[in-house]
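A.B. asks: Below, each chain spelled out in residue letters.
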Amino acid sequence: MENVTRKAFLAGAASLAVAPLLGADGRPRRTPLMLDVKRMAVHDGPGMRTTFFVKGCPLRCIWCHNPESIDPKPQEALFQHLCRHCARCTRDEETCPTRAYKLYGRPQTMDDIVAKALEDKAFYDASGGGVTLSGGEPLFFWEWAAELLGRFKAAGLHTCLDTSLYAPPAALEALLPVVDMWLPDYKAHDDERHQKYTGVSNRIVKRNLERLVAAKAKLEVRCLAVPGLTDGADLAARHRYLASLGIVGRQVVDLEYHAYARSKYLALGMEDTMPPERGER
Amino acid sequence: MKNLISVAFAGLLAGGASADWQLVWSDEFNGTELDSSKWGYELGFVRNKEYQYYTNKTENVRVEHGCLVLQGHRVQWKNPDFVPGQTNDWTRARADIAITSGSVNTRERFSFTHGRIECRAKVPARKGSWPAIWTLGADIEEVGWPRCGEIDVLEFYGQTPDRVTCNVHGFSETTGRYASPGGCELRDRTPTDGFHVYALEWNEREAVCFYDGVRYGAFPLGEYGGAFSRPHYILLNLALGAEWMMPESEVEVDDGTCFEVDWIRVYRKAAAASGREAPAGGVSDYAALREELRAFYPAAYCRGACQAPEQAASCKAIGDDLDAWAAAHLGFDALDVRRESYLAMRRHFVPFLFANSPFYFEAGVNGGWSGARPARHVNRICGRFYREQGLIPQAAWDLLSARSRENLTLCCGPFVDDMHHVPPMRTIIRKGFRGVRDAVAAALANCPKDDPLGRKELETALVGLDTVHAIQLKFAEEAERCLKTVGAGEERTRLLRIAASARRCPWEPPQTFFEALNTLWFVREILGYVDGVNIFALGRPDAWFIDLYRRDLADGRLTEAEARDLVARFLIIADCHEADSAPVDSYDDQEAEIPLTLGGCDEKGAFVYNELTRMFLDAHLACGCVYPKLHVRVDANSPQAYLDHIGRQLMAGHAVFTVFNDRRLVRQFLDEGFAPEDARNYIGCGCWNGYIDSCQDVDGANYVSLVKILALTIHRDPEVERRCGLVLDPIDGARSFEELRDTVYRNYMRFFRSLMSEYTRYGRTSAKVFPHPVYTMCLEGGVESRRDTTDGGITGRQRPKEITLGFVGNVVDSLCAIDQVCFRDRVCTVREFLDAVRANWKGEKNQRLRMLAMNAPYWGDNSDRSTSLMAWFMKRTHEDVDGFATDQGGAYRLAIFTYREFMYWGAKTKATPDGRYDGDRLAQGFSPSEFRCKEGATAVMNAIGRLPNECLYQCNANLTFDASAMTPELMGAILRVFAEKGSHLMQPNCNSVEQLLDAQRHPERHRDLIVRVCGFSARFVSLSKRWQDEVIARHRLK
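Sequence order for the protein chains is G and S.
Note that the working numbering numbers the first sequence so that position 217 is 217, with each residue one more than the last.
Note that the working numbering numbers the second sequence so that position 867 is 867, with each residue one more than the last.
Worth flagging that the hints you see were computed from the coordinates, not collected in a lab.
Please read all numbers here as calculations on a predicted model, not as lab measurements.
Worth double-checking, as some hints may not be accurate.
Unchecked claim - In silico lysine-lysine, DSS-like type, Cα no more than 25 Å apart, as pairs: (1) LYS934(S) <-> LYS116(G); (2) LYS206(G) <-> LYS216(G); (3) LYS102(G) <-> LYS934(S); (4) LYS121(G) <-> LYS78(S); (5) LYS78(S) <-> LYS57(S); (6) LYS102(G) <-> LYS845(S); (7) LYS768(S) <-> LYS102(G).
Stated by the list, open to error - Chain G side only, calculated, beta carbon under 10 Å to chain S, not exhaustive: (8) GLU94; (9) PRO97; (10) VAL253.
As the list claims (entries may be wrong) - Just so you have them, the derived chain S footprint on chain G, three or more residues with Cβ under 8 Å: (11) 43-49; (12) 161-174; (13) 186-193.
Note that the Cβ used here is the ideal one computed from N, Cα and C, for glycine as well.
If we strip away everything but chain G, and leave its shape as in the complex, we get (with noise of 0.2 Å):
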């Protein structure tokens, strides 16, 4: 019962994120932790479909509801408001007895991740349905992307990926071919403030997103309001951009911002940045 398990995890999992593993081509690659997988999700594209999300993220967003994905290594959380103060702590998710303790990111071979997206196989083509891969950022391990990817299209199962578009050229040429339907942010229209406020520039974003137009790609682009940062005059030249790329009615979809995730930056020991939601003081 020692936490034996844990430490040797914690190694196991440091070392698959940290040395790259080699890709089907032979070169290395990165290779994400996996954070979560959701299941019977209606949110994450058309029917219904099962969502893997990965751990890892080159954006540094202030509103991040996930933060727990943001960092590419293993996280270990404590919610206080769960902790029982057990004389020993274990700190380790399998006994933790009120789940106070949480362990974030688990490695995961592909097959088990195709494994389980087949699982529910009758769901999707029942509904029109597939599978999602989200984050994080799939795309900051774009060559294992690829990869899986590729490998739920050979499956007969129709891919939905929810990106930032924060990523090279070579990164959208691998996925297009086995992205069926695209799941963009568009975060801000402002440069400088897209910059403040998720850490990177829109340019790249922005020339991926023309790209994926020119390509014909099918297209449902998230545009986040966050109050008084990312709403009103900005909202709207994104959708004055987007409808001048010829992204418009159902292809835009604009999110409401919610700051559920403040007890996450607490448990995770980081600096809760999430601005106020509307209504919140």
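Following the hints, position chain S against chain G.
C.D. replies: Relative to chain G, chain S alone:
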């Protein structure tokens, strides 16, 4: 949900409750002082030795902020009425006044007889506070209390702030004493959290109480010397403690000791909608039908027969005749008594026709399990044979009751379930009761001389069938009698139709859509009446009657609108068999074995989704019915529109469905050797049982708690084991998982075998006590066998006995947990692990072991280990039970479903290795344990799909889907996958946690939200708090 009500039905709903009531008196308390034209004060010490002294001072009684405020205060006053040495009059015996309060009434200002009184009020959360909204007979001065009558719309006691009560008090002329039916209490509410609406509907028959629109109590008012047919005045008061309640010093009196009344209103029934004398006009008047039915059927299910005095008298006359006959005849047997009962019924049967119902069937016995039905009198007379003739020895009775007391087993009867019977609808539709009689008469003519028992069975059945005919004709006569007094209008049209139809049908087969629908009710009720069998299904009208319906339309006998009206009324009759808004908590609160089957393949194999299917589905939603339960049959080739139709209704919060998988059930019946047209014609019965109408009789509700046997294996109790005849091998020392698993299995199979042998040995004895000759002859093979269905007349595949493997999910989870922790991870020994279970997981070390157990594979996660273990259990049990014959020569059929026992039996089952604590709920049927499930509904459905489902008969999973992440189309897709996966049954709920929590806070906004609870559905707001919480907890499973 409104937008989903089809336009056609929206029209029919007009003229609901509000339109029927006219406001006759009210006080909205919007002024600045009490309106003295409406209210007077009570002053001083008044009644019940209550502590408060009523005054008319503004600190005790005032109108402010739009409310009447009655407030209590602590004072130190001298009692002005005090007479030293007074002992007879307590109001003068008290020297001091410690508490003051207010009480107002409408005496000599306003009184009313019958109507609806509504009051929006807020009660104080203070110990000793006893506010009330009530009425007293205006003639109290002349006749005194209790002769004047008293109705308590609300009584609230601050020391039990989670409940409200209503009551009726009067004087019984029969007993010459004070009389009250006893108060009705609505628990698990939060009346003190704000204003709530307390209401009472009062008519000549009964008083019905409501809390926020939820009906929770009803009192028959037939007795009491007419006290409730005379005017009553209204009282509002805040009493504060009384001698019988608590010491005066403990009464909490502070600034918050206020009873606030926002408004009070009295309505009278609009004349046009009040019962038989004033016939209702127009098809839209379902409120009148509902009111009439509710007045007729008992408010609570098992409390008794209908409330019509004519039926009660007739029932008693039959009983008296039978008792007299039995006293005069020695050496009779059960068939003799049955024959005499048929004859007595012919003499005494009193038909009842509802003014607003087009159908004729009502025999006044509530068709369900009511012990008041006259056929049960046969059981009462012959029940003594069990002991007198030594049919069942005392030791067997003791064993039976010990096992059921310990929640090891449940059976709806001593050794056979005599409460669930498959209807013989198709027989009667095909050849009428006359056809059955002809067959019986022919068999009697050819009956071999050496079969006196067969002859007697047939002769008795003939008498019974003639009684059925006589009963039917009495309906025609009753309709003719009513026609003499009823003028033109809807009711006359209905009576004319009944007078014509009841002359011939269902003695002769139905020839119109109306007659066909009527036949379903008639067969159900009349077989319940004559034979005491509870027919637990109404059949599948969309498949059986579509030709009649189309022919009626083509021939101009019926319009579509008329058909819709018939269908709506057909459904409402089922809905009103129960008090559909009575609070639901314990077994008897809400139950109606009245399901209707829709969809599925017809006898040629084509899928049925026709005008009638749509009509029944739409009417059920539009009329807001909870009952009949809808058993919808699906298969992988069901039309998408049909699945979407069901999906839409689920999304609308109308979870009244059990989904039956044709792919599994039809296959099963074919494998058993039934003819394809029969197999395809199975119907949904009871809670979740598929059987073949007219072909089968079953013994359907027998439960065994596997997890209780496992719990007893761990938490030993020699005394219980001895009383229940359990022999349990210990598992603490198991050296391998297989050894442990086999020991657990051996323990339970040993019990199972002993149970089966008890059933087989004593089940047949019911033939000596309670035979069903008429019912038997209506079933296929009954006439030929010349033996009663209780006596092996219907046997083999036609007569299965179903046993439910209760809570096998918890057993699988427990074994997986021990396997993981003790044999795979080797964290501790089996003994150490079981010690943790025995300690109810107390202590840090045990808590960690519990978490390890909770992380092990569990049933429903679709992992290989849990799924194969479940499959192993199913297969082994199936093999070991195969070949055992039941008392009726049929086979044992295994099932997996659980009724309310998952809550009640869970409460009395100790901690188990799957991480359950003492008393936690158990897993529901095929659904995973609520405490374990992480993977969600698709994983459960996938796991079920991998099981050897052919081993078992009826397996049900309750699955909850999150409405906030669902569309009707997705719901439809889920139903299709369910059909493809090959599992038996599913009961879907589609709601969201937010919606359910809001319904708890604002029940008035969610009156129409219906959830599937277990074998029944209920309005969510009618469920008691613990059941509401359980339904919410299912979202962990989504």
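A.B. asks: Are there hints from earlier that the structure breaks, and if so, what are their numbers?
C.D. replies: 4, 7, 10, 12, 13
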